[in-house]
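Please assemble the complex out of the two chains, which come individually in their own frames, going by the hints.
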Amino acid sequence: MIEAEGVIKSFGPRAILRGVDLHVETGETLVIIGGSGCGKSTFLKCVIGLHHPDEGKIVVDGIEVAALRTEAEIANYRRRFGYLFQEGALFDSMTVWENITFGLRYLTDIPSGAYRKISSDCLALVGLKDIEDFKPAELSGGMKKRVALARAIAAQPSYILYDEPTTGLDPIMTDVISDLILDLQKQLKVTAIMVTHDMRSAYKVASRIAMLHEGKVLEVACPDIIKISTNPYVRQFVDGKSEGPIKMKLKEFEAEGASNHVAKAH
Amino acid sequence: MIQGAVGGFGKFILESAEGTGQFTFLVRSTFGWMTHHRIEWRQTLIQMARLGVGSLPVTAMTAFFTGMVLALQTGASSKHFFNEPLFVGTVVSFALIMELAPVMTALVVAGRAGAAIAAELGTMKVTEQIEALYTLGTDPIRYLVIPRFIAFMCVLPLLTVASDFTGIWGGYLVAHAKYQIPATVYWHDIINNMEIRHFVHGFLKTFVFAAVVSLVSCFKGITTRGGAEGVGKSTTAAVVISMVLILVLDYFATAVLNAFGIT
Numbered sequence: 001m002i003e004a005e006g007v008i009k010s011f012g013p014r015a016i017l018r019g020v021d022l023h024v025e026t027g028e029t030l031v032i033i034g035g036s037g038c039g040k041s042t043f044l045k046c047v048i049g050l051h052h053p054d055e056g057k058i059v060v061d062g063i064e065v066a067a068l069r070t071e072a073e074i075a076n077y078r079r080r081f082g083y084l085f086q087e088g089a090l091f092d093s094m095t096v097w098e099n100i101t102f103g104l105r106y107l108t109d110i111p112s113g114a115y116r117k118i119s120s121d122c123l124a125l126v127g128l129k130d131i132e133d134f135k136p137a138e139l140s141g142g143m144k145k146r147v148a149l150a151r152a153i154a155a156q157p158s159y160i161l162y163d164e165p166t167t168g169l170d171p172i173m174t175d176v177i178s179d180l181i182l183d184l185q186k187q188l189k190v191t192a193i194m195v196t197h198d199m200r201s202a203y204k205v206a207s208r209i210a211m212l213h214e215g216k217v218l219e220v221a222c223p224d225i226i227k228i229s230t231n232p233y234v235r236q237f238v239d240g241k242s243e244g245p246i247k248m249k250l251k252e253f254e255a256e257g258a259s260n261h262v263a264k265a266h
Numbered sequence: 001m002i003q004g005a006v007g008g009f010g011k012f013i014l015e016s017a018e019g020t021g022q023f024t025f026l027v028r029s030t031f032g033w034m035t036h037h038r039i040e041w042r043q044t045l046i047q048m049a050r051l052g053v054g055s056l057p058v059t060a061m062t063a064f065f066t067g068m069v070l071a072l073q074t075g076a077s078s079k080h081f082f083n084e085p086l087f088v089g090t091v092v093s094f095a096l097i098m099e100l101a102p103v104m105t106a107l108v109v110a111g112r113a114g115a116a117i118a119a120e121l122g123t124m125k126v127t128e129q130i131e132a133l134y135t136l137g138t139d140p141i142r143y144l145v146i147p148r149f150i151a152f153m154c155v156l157p158l159l160t161v162a163s164d165f166t167g168i169w170g171g172y173l174v175a176h177a178k179y180q181i182p183a184t185v186y187w188h189d190i191i192n193n194m195e196i197r198h199f200v201h202g203f204l205k206t207f208v209f210a211a212v213v214s215l216v217s218c219f220k221g222i223t224t225r226g227g228a229e230g231v232g233k234s235t236t237a238a239v240v241i242s243m244v245l246i247l248v249l250d251y252f253a254t255a256v257l258n259a260f261g262i263t
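So the protein lines, in turn, are chains A and B.
For the first sequence, my numbering assigns the number 266 to the last residue and increments by one with no breaks.
For the second sequence, my numbering assigns the number 263 to the last residue and increments by one with no breaks.
These are computed hints drawn from the structure, not numbers from a lab.
Do not take every clue at face value.
With the C-beta cut set under 7 Å, the calculated list includes, among others, these residues of chain B facing chain A [claimed, not checked]:
(1) Thr20
(2) Glu40
(3) Thr44
(4) Met48
(5) Ala95
(6) Glu128
(7) Gln129
(8) Tyr134
(9) Gly137
Virtual Cβ for every residue (Gly too), placed ideally from N, Cα, C.
Chain B on its own, in the form it takes in the complex (with noise of 0.2 Å):
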């Protein structure tokens, strides 16, 4: 039994380390093909429009909801300890823009976008077709890869961003039906303590998330192995890794932008 335990322990190690080996391959492989290589835009416009299009709905309606509930439970404490609602303009804006909106948004992508991408690629590896991309003349990394890196990378900001203004709206709306801030209180509380640093520090932060779910997605379709079980396995793999990735890497990206100062 101790032999068994010892030596599963010994296979995970080998699996990590080979897995990890792998990972960084692709990631070399990726920044070496897009410097020195033609960039397959057709591709990457195509992955943009299915990336943006189809995952606003979701990431805006999720920050509309995070906005609301923010400006909610900010009113009801601010009301119990100072018996009125202050800041909830503030407080709206600086979590969403500086940590909520930039994690929301990519949890959601990371849920939506990235299972697909991993699902795809899994299901194109398993019926040969990502070897058909070799005899055909070209590499998986420049035709899968790339664009939905350069995809993420575009889209997921620009997502971040219409979801900083959805959540700021849907804050505004409870903070002006449940506690009848006025407007002007509302904005002035946001753009009276806002600056444009706690937008960067926020923004910055989007394109380690868009970096680590694409390539995740990615690397995980196609190193998928066996047959629609595989692909499950790989797809469940990616959303799991990405997520965890998000919110670990989400700590370090703020440790560093503090250390620099966007804060």
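The following block holds chain A by itself, in its conformation from the complex (with noise of 0.2 Å):
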């Protein structure tokens, strides 16, 4: 079970996070959704320890994040974690099969012997099979993906978190990724947190959806309440509107003369 209470993050004089709670409960998907910059993945590297909240905390399986001292601490912390990147993140100067298996030198006891064995099955979990000795390079951005996914659930975790797995791929291929990622929930048996603004893909996979605003979480629900959400802040993003509380600039400055140049012009 993942805890969240009060974490407030800046950076610099950028506030963040304003004080977030959240529970995750185990064998649930909690998907996190919000405009760009609101927070989302900021509040999932600070779960996995990347970030340290300036205040609050966060606690997983009774542990605090902040309170990890020595490697040994950190390590065993981590063990419990996939993470998909929203880029996938994979190294470049790696073959899939040695991206895939990275993680298990530092995470677990498992000789390097079965590591090529372990890549094919997790790229067999995920779709794929034959690419083990190709690079990065040579692959699609979906196949990126897959792998990027492969490698968040080698070391097998208990939590899996995903920071936009959709982003940048086409309807059917965001579509297929999540119903990877529903498949491997239903696999697995794992607890994840999953940031998205797709909501096709929210709706599909989520056992809870969050709304976060301007670091703030707004609303708590399953899919089905969010869908008929009377919260206008939550019924704006969901229905993808421009109109509404949530104010996106349109323009950063209003340059008038400028526009009715341009008007006149036409």
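Following this line, the structure appears as structure tokens:
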């Protein structure tokens, strides 16, 4: 179980998380939605310990992330997690199978002789085969995502954190990746947090959905409730409308003169 | 305008202080990890091979021509003043072994391998590969910095020794072909005047240069911000800072070695 209480995180003068409270039950998939820059990825990075909250705490299975000190404690904590990065973050200099099994050396005691077989098994789980010796540069965007997913599950984590897994993919591949995530959740029985702004994918994968806006959680509910939410912020986001309480800047500044000139020219 | 200039100066001071603090932390972490944890020998060997094999032709050629031009200049000056080329071997060997070979080799390696390190690690940073290392249970200092640091500490001194030899051979070529200095005289000039402490003087400096180039390049790489432009800036900064530091630290290293009588 993941429990976050009053998590505050700033980068210099920019406050990103302004008091996030979230609970993720064992076995569920919590999807965090919200606009770009609302702090979704930062929260995910706080959970795995890449960033430390300025205030508040994150507790996973009774262990507080910020209290980890020794290398063994940190390794023991990270062993619980698989992390899928937005762009995959595959190591360019390594082949697919080396990428997939990279973490096994540091996170597990599995002998290196078994790595090749494990990489093939993980690739099979994400629907790929015979690409073990390819380099990431030789793969398509969708394949890279799948390989990154295979890498995230290789050390058999209890938790998987997905950072915008469908960003940059075509609609069909987006649905395929969503199906794959759903399938992995069923097969591996892991607890997951997925960060996305793709509502179709969110509805498909989520046990519950949390809406984050300006560093705070606005609403947490199951997908069916989110679909009919009366919260105007949630409503605007899930409907994908530019009009509403969430002010996405159309222009960074209002240059009336300039726009008039352009209008006249036309 | 004055407010802007003061603000800009203040920002520069703050950023410099932050950068110095981060660099100090990197140096401390590097030595901390090296003494307390297992070293990635496979990565270290890969880096050594890349650095040594890739740099040798360039550093050797640089030293060869430096030796040639030294012999040419020394011979010409000597002929001008004494009417015959005297002590060409002595001047070439002293200049190369104590000063030029260590400095020129370090400068060439900073331009070649230092830039490559900053660009590689910078690209890894902006594509989240460095964060991926953390999530997969290792640390970028352990996996990326230490192997490069050890590789530099082992390979740069060897490249410098190779530069010593090729430079002296380059000098011999010119001394013999241009000034008809017999081989025995040229080598005699070197062996009679050179002592082991002169070699040690130049050799010890290479460790300072190796540490500077590797740590500065790694630091600039893993602190890269922004996309392709950030990688470009880091690479340029890594090369410029390394080169300036090589020349500045060369003076101080020479002063310290002289103070200890290694001269």
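Is the hint on B:Tyr134 kept, meaning its closest Cβ partner in chain A is under 7 Å away? holds, 6 Å
Interface hint check: B:Gly137, Cβ to nearest Cβ on chain A, cutoff 7 Å. Holds or violated? holds, 3 Å
Holds or violated: is the Cβ of B:Thr20 closer than 7 Å to a Cβ in chain A? violated, 18 Å
Given B:Gln129 was flagged as interface, is its beta-carbon under 7 Å from a beta-carbon of chain A? holds, 5 Å
If you take the shortest Cβ to Cβ gap from B:Met48 to chain A, is it below 7 Å? Violated, because the Cβ-Cβ distance from B:Met48 to chain A comes to roughly 16 Å (cut-off 7 Å).
Checking hints one by one. Is B:Ala95 an interface residue toward chain A, by the C-beta closer than 7 Å rule? Nearest chain A Cβ about 40 Å off; hint violated.
Given B:Glu128 was flagged as interface, is its beta-carbon under 7 Å from a beta-carbon of chain A? holds, 4 Å
Under 7 Å is the threshold here; is the Cβ of B:Glu40 close enough to any Cβ of chain A for the hint to stand? Because about 10 Å separates B:Glu40 from the closest Cβ in chain A, which is outside the 7 Å limit, the hint is violated.
Would you settle whether the hint for B:Thr44 is holds or violated, based on the nearest Cβ-Cβ distance to chain A being less than 7 Å? At 15 Å from the nearest chain A Cβ, B:Thr44 fails the 7 Å test, so the hint is violated.
In terms of the numbered hints stated before, the structure departs from hints 1, 2, 3, 4, 5, listed from lowest to highest.
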